[in-house]
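With the hints as constraints, model all of the structure from the sequences given.
Chain residues, written in single-letter form:
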Amino acid sequence: MARVVIDPFTRIEGHLRIELELKDVTTSTGTWQFVSKAYSGGMLFRGFEIFLKGRDPRDAFFITQRICGVCPAAHAEASNQALDHAFGAIPTPAAVLIRNIIQCAYYIYDHMIHTYLLVGPELGVLCKYPPMVPPVLGKKGLEVLGLGTSYAKCVEMQRKANEIIALWGGKFPHHACGYPGGVTVRLTNDRIAGTLARAVEIWEFVAKTMINDLQKLIEANKVLTDALSSILGVELKRGLGDIGVGTGNFLSYGMLPSEDPDDYENDWMAVIERPGRRKTAVIHAGAWDGNFKDFDHRKIYEYIKYSWYDGKEGYPFDGDTIPNREKAGAYSWIKAPRYDKKVYEVGPLARMINTYGLKWKIPRVHPITGEDYGDFVYEVMNPKGSLIDRVAARVAQTLVCANALVEFTIRLKDYLGTPVVNYKDVPDKAEGIGLYEAPRGALGHWVKIENKVIKHYQCVVPSTWNLSPRDSMDQPGPVETALQCGTTWLPKNMTVKDVCDAIYKEADVDLTAFGLGKVTWGEALATALKPLGLAELNMEPLGADKYNTSIAVAIVRSFDPCIACAVHVIDKKSK
Amino acid sequence: MKLSRREFMKTVAAMGAAAFLSTYKSEIVEALEEVKDYWHICWLNGASCSGCTISFAQAVDPDLIEILTSITVGNSGLPIALPDYMETIHPASGTLAEKLKERWKKGSKGRRILVVEGALQKPKYCVIAGKDFREHVKEAAEIADYIIAFGACACFGGIPSGKPNPTGAMGLQEFLKKEGINKTVINLPCCPGHPDHLVITLASVMLGVIPSLDKYGRPLMFFGKNMHDELCPYRPYYDRGIFATKPGEEGCRFKLGCKGPIVHTDCAIRKWNSHVSYCVEVGAPCIGCAEPGFPDKFSPFYKELPSLPTVLGVDATKLGEGLIGATALGIGIHLVRRAIGKGKEEEKK
Numbered sequence: 001m002a003r004v005v006i007d008p009f010t011r012i013e014g015h016l017r018i019e020l021e022l023k024d025v026t027t028s029t030g031t032w033q034f035v036s037k038a039y040s041g042g043m044l045f046r047g048f049e050i051f052l053k054g055r056d057p058r059d060a061f062f063i064t065q066r067i068c069g070v071c072p073a074a075h076a077e078a079s080n081q082a083l084d085h086a087f088g089a090i091p092t093p094a095a096v097l098i099r100n101i102i103q104c105a106y107y108i109y110d111h112m113i114h115t116y117l118l119v120g121p122e123l124g125v126l127c128k129y130p131p132m133v134p135p136v137l138g139k140k141g142l143e144v145l146g147l148g149t150s151y152a153k154c155v156e157m158q159r160k161a162n163e164i165i166a167l168w169g170g171k172f173p174h175h176a177c178g179y180p181g182g183v184t185v186r187l188t189n190d191r192i193a194g195t196l197a198r199a200v201e202i203w204e205f206v207a208k209t210m211i212n213d214l215q216k217l218i219e220a221n222k223v224l225t226d227a228l229s230s231i232l233g234v235e236l237k238r239g240l241g242d243i244g245v246g247t248g249n250f251l252s253y254g255m256l257p258s259e260d261p262d263d264y265e266n267d268w269m270a271v272i273e274r275p276g277r278r279k280t281a282v283i284h285a286g287a288w289d290g291n292f293k294d295f296d297h298r299k300i301y302e303y304i305k306y307s308w309y310d311g312k313e314g315y316p317f318d319g320d321t322i323p324n325r326e327k328a329g330a331y332s333w334i335k336a337p338r339y340d341k342k343v344y345e346v347g348p349l350a351r352m353i354n355t356y357g358l359k360w361k362i363p364r365v366h367p368i369t370g371e372d373y374g375d376f377v378y379e380v381m382n383p384k385g386s387l388i389d390r391v392a393a394r395v396a397q398t399l400v401c402a403n404a405l406v407e408f409t410i411r412l413k414d415y416l417g418t419p420v421v422n423y424k425d426v427p428d429k430a431e432g433i434g435l436y437e438a439p440r441g442a443l444g445h446w447v448k449i450e451n452k453v454i455k456h457y458q459c460v461v462p463s464t465w466n467l468s469p470r471d472s473m474d475q476p477g478p479v480e481t482a483l484q485c486g487t488t489w490l491p492k493n494m495t496v497k498d499v500c501d502a503i504y505k506e507a508d509v510d511l512t513a514f515g516l517g518k519v520t521w522g523e524a525l526a527t528a529l530k531p532l533g534l535a536e537l538n539m540e541p542l543g544a545d546k547y548n549t550s551i552a553v554a555i556v557r558s559f560d561p562c563i564a565c566a567v568h569v570i571d572k573k574s575k
Numbered sequence: 001m002k003l004s005r006r007e008f009m010k011t012v013a014a015m016g017a018a019a020f021l022s023t024y025k026s027e028i029v030e031a032l033e034e035v036k037d038y039w040h041i042c043w044l045n046g047a048s049c050s051g052c053t054i055s056f057a058q059a060v061d062p063d064l065i066e067i068l069t070s071i072t073v074g075n076s077g078l079p080i081a082l083p084d085y086m087e088t089i090h091p092a093s094g095t096l097a098e099k100l101k102e103r104w105k106k107g108s109k110g111r112r113i114l115v116v117e118g119a120l121q122k123p124k125y126c127v128i129a130g131k132d133f134r135e136h137v138k139e140a141a142e143i144a145d146y147i148i149a150f151g152a153c154a155c156f157g158g159i160p161s162g163k164p165n166p167t168g169a170m171g172l173q174e175f176l177k178k179e180g181i182n183k184t185v186i187n188l189p190c191c192p193g194h195p196d197h198l199v200i201t202l203a204s205v206m207l208g209v210i211p212s213l214d215k216y217g218r219p220l221m222f223f224g225k226n227m228h229d230e231l232c233p234y235r236p237y238y239d240r241g242i243f244a245t246k247p248g249e250e251g252c253r254f255k256l257g258c259k260g261p262i263v264h265t266d267c268a269i270r271k272w273n274s275h276v277s278y279c280v281e282v283g284a285p286c287i288g289c290a291e292p293g294f295p296d297k298f299s300p301f302y303k304e305l306p307s308l309p310t311v312l313g314v315d316a317t318k319l320g321e322g323l324i325g326a327t328a329l330g331i332g333i334h335l336v337r338r339a340i341g342k343g344k345e346e347e348k349k
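Protein chains in written order, with the numbering used here: chain D, 1 to 575; chain R, 1 to 349.
Source of the hints: derived by calculation from the structure; they are not laboratory data.
Mixed in with the good hints there might be a few duds.
Calculated pairs, DSS-like style, for lysine-lysine (alpha carbon to alpha carbon, straight line, at most 27 Å) [to be verified]:
| # | chain 1 | residue 1 | chain 2 | residue 2 |
| --- | --- | --- | --- | --- |
| 1 | D | K342 | D | K359 |
| 2 | R | K183 | D | K429 |
| 3 | D | K237 | D | K23 |
| 4 | D | K53 | R | K215 |
| 5 | D | K530 | R | K183 |
| 6 | R | K183 | D | K53 |
| 7 | D | K327 | R | K163 |
| 8 | R | K255 | D | K455 |
| 9 | D | K312 | D | K413 |
| 10 | R | K215 | R | K246 |
| 11 | R | K271 | D | K413 |
| 12 | R | K131 | D | K37 |
| 13 | R | K101 | D | K530 |
| 14 | R | K122 | D | K312 |
| 15 | R | K99 | D | K424 |
| 16 | R | K138 | D | K429 |
| 17 | R | K124 | R | K215 |
| 18 | D | K312 | R | K99 |
| 19 | D | K546 | R | K177 |
| 20 | D | K222 | D | K208 |
| 21 | R | K124 | R | K109 |
| 22 | D | K305 | R | K101 |
| 23 | D | K153 | D | K139 |
| 24 | R | K255 | D | K546 |
| 25 | R | K105 | D | K530 |
Here is the structure:
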């Protein structure tokens, strides 16, 4: 069957190709086109685990970060933890806090940039919310219409968050201070002060602007719900909560461990030995399937029926695969990891649900003035997961991290003068497992050391879970599931302007400053997009028609895909 | 200080582009405002991690938003250099994205800049819009008026070219040469590339100043100095023989494996992320990401360089030509170390 193809799929990390099969649905208002089947393919292969072999294990911290320049710090931490485990070096409390501070700052940067620069533009457009549309009308648009105000502020704030990483890690992307058993960076008052000053500014942006933007989107979603339902003649009760619906299975490995040595060893590390929840950490581990379940990493299994690899499927340590671009039926460099043979979604929504369940309450108390802005409360709209729930979870998680960043930094002061590393020599022979979270979801590193060098290194990363192709039982991956959930409308021959005009009919956007008077939201957008050559934004041809993929791309982006991460392989055979 | 474009050019000529641009970076915005022409930028991603795009987003004076909203062509409101094509952050996807690439190709002659992020590989490992990345690059390079390789991978192959180099990753200049395209590539290595390096290079190109390059195609204004000999703030420790031997200790990072003595980059003075810090400052070794041969030439990263250059009077840059981790050097290294050890004991006496 002919497919709508989106390639290159931009505003994500890496090279992704999405193919969509359509079906006609006839309702009281007409015949509409929806996605019936979706295929997600990773288009770049670099072979990281191959060139890690034979190296000093401590190189892994540096090299695995380069798997992905969007989420390097998460790889750094998973690698740190795999090496801590292999070296038998439990990090000192100061080191745990410093690593946590780096991770909090890094999550804030990453979630912000995703919320505003990557997934935000389509949401801003669909929800008629100017602060989240990019500043496409330049300085004047920013000033007069508020077009892109939050977008612009986000660029400044993510930079501040990365300055915190640089204070402790030297630079970002690709920080330098990780070491088995701790960190290399000295714990100093000026680093603590520099962190706090920035952390407070960031906190204000997150707790006020970012939460406010989300609440505006949720309000707008009500309007959107009615509009879409009446246009399409289908009942979309929850609007964006009924779009991009997932499997309802959510996996999290947990993040931000407690620095207390007892907690660290007997709760955080223990999950490597036995199933658990890591409840002493800020974000818990778990395998939610409607209820809280312990996470057991032995239930992870990677399938390759539709991936360009030959060889043996299995648990990450046991799989043994060789790349084969000619493999019949395969359509991706990404493997298909499953948990207990079922399809699990990973990412901020999985973290929030495994920690807080389906209703979240996050405090918003100013770290300096003590002023209470009221708890941020959110109830998951669709327990199976949806476009709006993923976006909300990412914002909520940013607030969790902004709170934790201040808290960890204050606690770190008590450890001035204590060691930052529990130094151990490189072991002759050892195995290590690092289970952490990247912003886009559960991240695992597995290392085997022999003769003091890496014998085997394997990563199973979040986008491998989310962007995976069908598995060997023919179950579609999480993004494929979300795209083909039945509500992915591909408006036929309707541009972004047409779709917006159908939803928002009133001419209530004042473009007098641009010599145009009052126009509709659709016209305002067209005015901005046309000179930039973007009038045909998101339109993809199929036969004689063009389909607007705005909703589909927003669904895919709600998973925050990272393809560089997703494509990885260890292959023992090829040289 | 507000400089007109003319004054700006005069000062640049008088001071030399390097000195001017690294000193008066904040003047770039004002000078660029007087450039009346739209510049076309095509930013291609190959075997990359997108870290260079993220690094670019950390730019200050001007920052990304200024670049997009303030530095506009005349009164048009249009950004002077909105990339026509840039996978990671561009609004357009799919068909429209590829169409905009064609717009870049048709842009005014003399004003088309190609920025490449990521390495080139053997065929089939990177396919975009159904076409091999190699073809995308060849087509764009044939047309481009200026070519910039941003980051270690695009310059010299970088991390994916680490042995055994499973996908045949190589830098842009080498690839173009093999394909018979003889064009100058401005190499801006480091892993990721430094946003200052790119913004300053773009600005200088747009203002008509082509930076002078070293034998590896790197602008001398950024990569002309040896970090250890000329720039490192921890050099006094080294001269006094105070070395950190374990992570977290204070002292010169040489014995932790710092490759500063064989690396040419301005990290130590320019620093990163709004000039906050850099690798060596947080107690880590320099891993040599600004140099060709990264990572293999500098791995293991925590392995000490085979010699203390100035103590023995050996030219450190020569030593750096070899593989540090290679066993071939093993015995020699051992002897040198012993010699150094002895020398130090004698000093103490």
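Enumerated hints in conflict with the structure, sorted upward:
2, 4, 5, 6, 9, 10, 15, 16, 17, 18, 19, 21, 22 and 24
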